[in-house]
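Participant: Listed below, chain by chain, are the residues.
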Amino acid sequence: MNSSRYSKAALRTTLQLCTGAVVVCALAAAFMNQRRASAEHRYERAEQRIHSARSRLERAKDHRALIDKYQGRYDQLVREGLMVRFDRAVAGDWFEAAIPAKQFGAIDGYVIGKSAPYAGPETAELSAFRVVAHRLDFTAKVSHEDEFADLMSTLEKRVPGITAQEGCSLTRNRESSTDAERLAVSCALIWYEFTSDRADLAANSPGN
Amino acid sequence: MNRRNHYIYITAGSLACYRELANGPELVASIATPRNSSRDRDPLDQSMQQFETHLDVHPHDRYFVITDTQAEAYQSETVPTLSRRDLRLLLTRKMEQRYRATPYRSVVPHRSRPYTFLRNLVRRGPRSTTRILYALISPDTLAPWLEALERRALDVRGLYSLGALMPALRTHLKLPEKADALFVLRTATGYRHAFVSPSGLRFSRLCPYSNSGETQLGQEIDKTLQYLTMTRLWGVQGRHRMLHIAVIDAQPSSVPLTVPGNNLRPTQLTQVHPRELIPGGPAALLDDANSAWLLFNRAALREHGLGCAAGLGLSDASRRANYRRATLGVTAAVALLGAGFLAVTEYAAREKIELAATSELIADHVNATAEASEAAAPKIELQPEQLRALVQTRDRLLARNVSALGLMQRTAIALAPFPDLNVDGLEWFYVDPAAVAATASAVARPEGLPSVAPNSLVLRLSGHTGANLSKSDANAAVMQLAAALAKELHGRESIEKLPFDVAPGGTLTGTLKVGAAATTDFRVAVTVPAAAEHAS
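The listed protein sequences derive, respectively, from chains E and P. Going by the numbering used here, the first sequence opens with residue 1, and the numbers climb by one from there. Going by the numbering used here, the second sequence opens with residue 209, and the numbers climb by one from there.
Hints in this document: simulated from the structure, not taken from any laboratory. A couple of the hints might just be wrong.
Claimed, not checked - Beyond 12 Å from chain P on every Cβ pair, some chain E residues (computed):
(1) A29
(2) R42
(3) R45
(4) A46
(5) E47
(6) I50
(7) R64
(8) K69
(9) Y74
(10) V90
(11) E96
(12) E122
What the hints assert, rightly or not - Listed next, the stretches of chain E that the computed footprint assigns to chain P, with coverage defined by at least 3 CB atoms under 8 Å from CB atoms of chain P:
(13) 18-28
(14) 123-129
(15) 145-158
(16) 162-172
Using N, Cα and C, we set each Cβ at its ideal position, and we do this for glycine too.
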């Protein structure tokens, strides 16, 4: 009769078995929870890998598009002297060589100023290079406006490197005795140099 | 290990063991028992040895002990509606009072869920009910056999009284639920009578075989009816329900059975052979004197699950039964929830794993595509972004380049309508950021220039008016020239000096002498914003 369903021992056995079953259920639930968490973690990592891979692919495509779009122009600009180091003596030779022979006498003189770093908004995206501005001021006397226009056009076409006409001043001399010197000209050109050498820039900074 | 159900059927004169095999119960042992065990010690020892030998052959079976002896006593008691705890205490006290000296006094014919049964009775109307309590009042006849089972610690599933099991016949015989029934079952010892009302078993007794022969059955039924009437259980005012008398006999008498009755005591007699209850049962067993029906009726055993609480107090048995039921229920619920959780979690985990595997494949594919794209890209010395920045910076810097020819042409167009205005000077420059402006000494910006945005182009024109113009016309021509220049260059004009001062705080000095003309200089400026200048 000890094995009766309603004896203390049987009830204890039942409780033990049920407790064991509950513990097994809890352990199984914990294990499955861990398994699911692991699967979710793996899925999240895979999603991150997809995201990074897509970013990489997009970046590669963007780079390819940038290269296709700008490589040709870059090569052309390099051939035209984009990366040539600036030298005042060479710049003086360039300037003098650019002046047409018939107008050579019209130039009174020129000054190539100190190098100055250019930090305008145009260079905001450029981090691999620094832009250095080299200013050239010259004065001349011409007989009329067309001659001045020819001079400036010739300079624009013939001066090598990245140059820009920064400004000009024309003054008519009404008391001049000859027509050949009726207009006094004062102009400024700027050479832009792309350099990655900061030490060189420091040496040429204003005040040195 | 071959576990099977094993039924030990104990009567006053014999002990029969039935073992349930694949084709049904089979008689495996039949042991004669002495009528008076205290006096006939030797026959009892032989029977006990034979019984123990039989038990040793089947140590793993599940044993069901069914008693059909005169040692079972029944006592009707009216049990009021009480709380569960009070009911338990009341029943325990009554059992103590009635069956004080019996070790099996707690075997009561309550249902397996007595309190639920009583609650249902209360819900149906009566505030109290008459219950029957019973016990083994002379356990000496059973003790040797039960002790043999206990010594071996066999799996005894229950100790059942035959009378307590007989209400289950109501369902088998399809009797009306509201009718009274008297079941008469022929066993090896005699006739077992059980009176069952709609509320359950109310009376049971064993009628041993006598010398009356085939008339004994009718006489005993008449005695039982007289007893029921006397105890007001049946046939009295208010209890005139039809009495169904069912006689279950494997060896029916040849004498027609008659039951005395009158209008106040309507009865209906039915004679049943066990094979009608168990159509597929083995003939040898069905024709046996013992209750073959019981051996097939597992439902009756289950219904009287509390009957196995021999040796236990009612409260303990009931409480443990409830604990066991609750424990099993909770465990089943937890297991069900756990299984559901496991299934759902496993499904979700598998889904995630499949998704992760697919995502990893996609990532590998995209990575391979990216690598191929990177490998296919031409090798350059700069980062592509810096390549673009370099080219764009160069273009933006050169966008500041002034076209001298263009400026002069537009100025000439603006000047054309004013032949009396003579130009003496023309200058243009950029309003630079501070770093570049600091070095622009040669083309310094004059004072009085309105503040403009950096990179705007300033064009300044100075001159004098002709002598033929009146003062007002000269001033008007200069103002019109400034407007024309601004329109031509898409800029904003600024008159820095008029030929003749018209300001409220100014002065105008004139002379009428010939050859002493007044000063007629003028100066205008146009500021062209960077965007407009680029557009032009």
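Participant: Compare the structure with each hint and give your call.
Facilitator: Hint check results:
no.: 1; hint: A29; verdict: 5 Å, violated
no.: 2; hint: R42; verdict: 4 Å, violated
no.: 3; hint: R45; verdict: 8 Å, violated
no.: 4; hint: A46; verdict: 3 Å, violated
no.: 5; hint: E47; verdict: 6 Å, violated
no.: 6; hint: I50; verdict: 4 Å, violated
no.: 7; hint: R64; verdict: 5 Å, violated
no.: 8; hint: K69; verdict: 7 Å, violated
no.: 9; hint: Y74; verdict: 6 Å, violated
no.: 10; hint: V90; verdict: 20 Å, holds
no.: 11; hint: E96; verdict: 19 Å, holds
no.: 12; hint: E122; verdict: 4 Å, violated
no.: 13; hint: 18-28; verdict: holds (count 6)
no.: 14; hint: 123-129; verdict: holds (count 6)
no.: 15; hint: 145-158; verdict: holds (count 6)
no.: 16; hint: 162-172; verdict: holds (count 11)
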